Amino acid sequence: MTDADLAAHLAETAGRLLLEVRASGLFSAKALGKAGDQTANQFLVHALREQRAEDGLLSEEMACDGARLTHSRVWIVDPVDGTREYGEARADWAVHVGLAVNGVPTIGAVALPGHEDGIVLRTDQPRAIPPAPEKLRMVVSRTRPAPQAVAVAEALGAELVPMGSAGAKAMAVILGQADIYLHAGGQYEWDSCAPAAVALAHGLHASRIDGAPLIYNQEDTYMPDLLICRHEHASTVLEALKG
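Numbering (the working numbering), first residue to last: 20 to 262.
Hint data in this document are derived by calculation from the structure and do not stem from the laboratory.
Given the structure is predicted, the values throughout are model-derived calculations rather than measurements.
Heads up, the beta-carbon is just placed ideally off N, CA and C, and yes, glycines get one too.
Check each hint, because a few of them may be wrong.
What follows is a set of in silico ranges between Cβ atoms, one per label pair, in the way DEER data are often shown [claimed, not checked]:
#, residue 1, residue 2, range
1, Leu45, Gly176, 45 to 55 Å
2, Glu73, Glu153, 44 to 54 Å
3, Glu238, Arg146, 31 to 41 Å
Modelling step: build the complete structure from the supplied sequences, incorporating the hints.
Structural data, given as structure tokens:
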């Protein structure tokens, strides 16, 4: 399989496993999140070590020994992005499988198993993005919207659209459910690597909120902010952030 085929296959399969774990009816919401995380993580880690043994690997649910820092190709995965939403049987959670090459988010797939169509968005199969409406929509955390995002939305006259996981929010821009995803509340590399790769492959803008490029496979995996939007809105959002 190509890297893109592998990423999509892994994300889709992990998503099916997660749905099976949830459908078992054996776990409370809190325990379900932990069981799902661990089940999906074991699958993804073992599969990647089997299929791409020469590459580095970083997962939210796996202790990092630093070995990945010696690799130019590093798989960065989030077995369940939006554990809370997954545990609550919501649709706005995701599975992230991304590949950073020399720090650049290059290949990726984001599965949305809770979506009615079980969508997998991938870097090698970009789809047409619906046109933006006259009143822009900014997708934000459903539990703790970042103050910067709220302020920018007010400056642009944009509607706030609350949603769960980072992957679901980023993919909402591609699916035409939102136009801007601005996050400033703290994330890690696994939260945005695959979504950023997919967004870039779809011709969207993806950067830090100061306009700096997203760089992955850093020793410190903390990546506090993210902007994903159409290119025609990027300069306006970045200017509003400066203000």
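Evaluation of the provided hints:
1. With their beta carbons about 47 Å apart, Leu45 and Gly176 fall inside the hinted range of 45 to 55 Å.
2. For Glu73 and Glu153, the Cβ-Cβ distance of about 50 Å falls inside the hinted range of 44 to 54 Å, so the restraint holds.
3. Glu238 and Arg146 have their C-beta atoms about 35 Å apart, which keeps the hinted 31 to 41 Å range intact.
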